[in-house]
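Undergrad: Given chain A's structure and the hints, the job is docking chain B onto it.
Residue numbers (our numbering), protein chains in the order written: chain A, 43 to 252; chain B, 43 to 252.
In short, the hints are calculated from the structure, not lab data.
There's no promise every hint is true.
For identical chains, the list gives no copy identity; a pair is met inside one copy or between any two copies.
Computed cross-link-like contacts, DSSO-like style, restricted to lysine-lysine with a CA-CA straight-line distance of at most 30 angstroms [what the hints assert, rightly or not]:
(1) K155 / K66
(2) K248 / K175
(3) K153 / K140
(4) K175 / K47
(5) K61 / K153
There are 2 protein chains.
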Amino acid sequence: MQKNKGILVVVSGFSGAGKGTIMKELMQKHSDQYALSISATTRAPRCGETDGVEYFFKSREEFEQMIADGELVEYAQYVGNYYGTPRAYVEEQLEAGKDVILEIEIQGALKVKERFPDTLLLFVTPPSAEELKNRLVGRGTETMDVIESRLARAMDEADGIEAYDYLVINDVLDACVAEVHEIIKNEHYRVSRNLSAINNMRNELKSFKR
Amino acid sequence: MQKNKGILVVVSGFSGAGKGTIMKELMQKHSDQYALSISATTRAPRCGETDGVEYFFKSREEFEQMIADGELVEYAQYVGNYYGTPRAYVEEQLEAGKDVILEIEIQGALKVKERFPDTLLLFVTPPSAEELKNRLVGRGTETMDVIESRLARAMDEADGIEAYDYLVINDVLDACVAEVHEIIKNEHYRVSRNLSAINNMRNELKSFKR
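For reference, chain A alone in the conformation it holds in the complex:
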C-alpha cells in the first residue's frame, strides 16, 4: 500500500489523566510521524512563550477575522479569551502524510469530527474510578469548593465519551504512549482509509485477465 494522507487525531480526556505528558512523549519518540497542532489564542503570551511554538498569539480582531474567514477548524472562548485550531497547518501536515494530533475538549472534538469525518477520537482516562476520584480530591488539602468544581468538570468530560473511538487508559506512562502509537498506526490499515488502494488492486487484477 502506498503512504496515505495523515490521520487527524483528537485527544481528550479527564483532567489529570496525563494527556499533555502522553503527547509530549509521543512527539519525542516519533517526531517524524506526528505533528502537534498549535492553537491560536487571544490570551497574552506568558514569560518564555514564543509565537508559533506554544501558541499563535493573535489580537481579538485578528482572531475574529480568522473565524469570519473560516480559517479555524474549531474555536471556543475560555475565561474571556479565544482559543482555536488553525485549519491551514492541520491540512498542510495531513497532506504531508503526518498524523496531526489535537488536544481539545469534547465540544471542539465534535466540531472537528463534523468537518473532518475521518478524525480518530481518543479519550484518556486514569485506570479506575477510584484513581480518578483520588486525583480529584487531591491530598486532603483542597476545599470542598475546589473538589466540587473538579467533580463537576469530570462529569462534563465523561458525558461525551460515547462519541470517541478508543478509551486510552493511562496507568503506566510508557505502556500508554505505546498503546496510543499502536492505535494510530493501526488506524492506517482501516479498510475505509485504503479504498483507493483496494480499487487499484482490483483494477490491476481485472486488467490482467484480458
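TA: What follows is chain B alone, placed relative to chain A:
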C-alpha cells in the same frame, strides 16, 4: 477496566496471502489469549486428522440436524460437503475471555457479522497487486485454465473487502503477525466495547458527589 468478554475475529483474504500461517503463529505466540474456531464438516477425515482437532467430523444427517437446531454460526457447501462453524464452542471461548478467530470466506464472514454484530473483520492481502498476480500465475508452469480460475477466485475474494474493518498486509510474516495481534488487542479499547465500564465510572463519580 475489567477484563471483558473475548472478541470474535474473522480472518479472510486472498488465496495464498498466508492466512493459515499467520493464524498458526498467532496461536503459538499467544495461546492464552486466542482460541481458533474448529469447523464441523461432512467430508471424510484424511490420514492423520483427528475429530475435534482439525475438524469436528459429522455425518450428513448430523450436520443437517445441527443446521436445523441453529447450532451453526454459518455454514456452506463446498465440493459436495458441508463446512460450518459450531456456535457453542465460539460462545464458550468468548465467555471465557478468549478472542476467537474464524478463518472463513466473505459469505460466511457476513453471516457471522449479522449474528454477532461486534465481530472484527480482517482481510489479509499480499503487499501489492503485482505480488498477488505473481502468486496467481505461479512459476509459469500452470495452464491458462488454472490461472483463469485463480484470477476469478481472487476477484470474488476482492469483491467484499469493503465489508471488512482492517486490511492486513502480509509482507514480512513476523511483522504481520505482530500487526494482527495489535489490531485485536487495541480492539478491546474501543469505546463501544467498554460502555458498561464507562457507565460504572460515571456512576461512581456521581455517587461521590453526594
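Undergrad: All hints are to be evaluated individually against the structure, with a verdict given for each.
TA: Hints, verified against the model:
| no. | hint | result |
| --- | --- | --- |
| 1 | K155 / K66 | within (23 angstroms within a copy, 39 angstroms between copies) |
| 2 | K248 / K175 | between (59 angstroms within a copy, 10 angstroms between copies) |
| 3 | K153 / K140 | within (21 angstroms within a copy, 37 angstroms between copies) |
| 4 | K175 / K47 | between (40 angstroms within a copy, 26 angstroms between copies) |
| 5 | K61 / K153 | within (20 angstroms within a copy, 40 angstroms between copies) |
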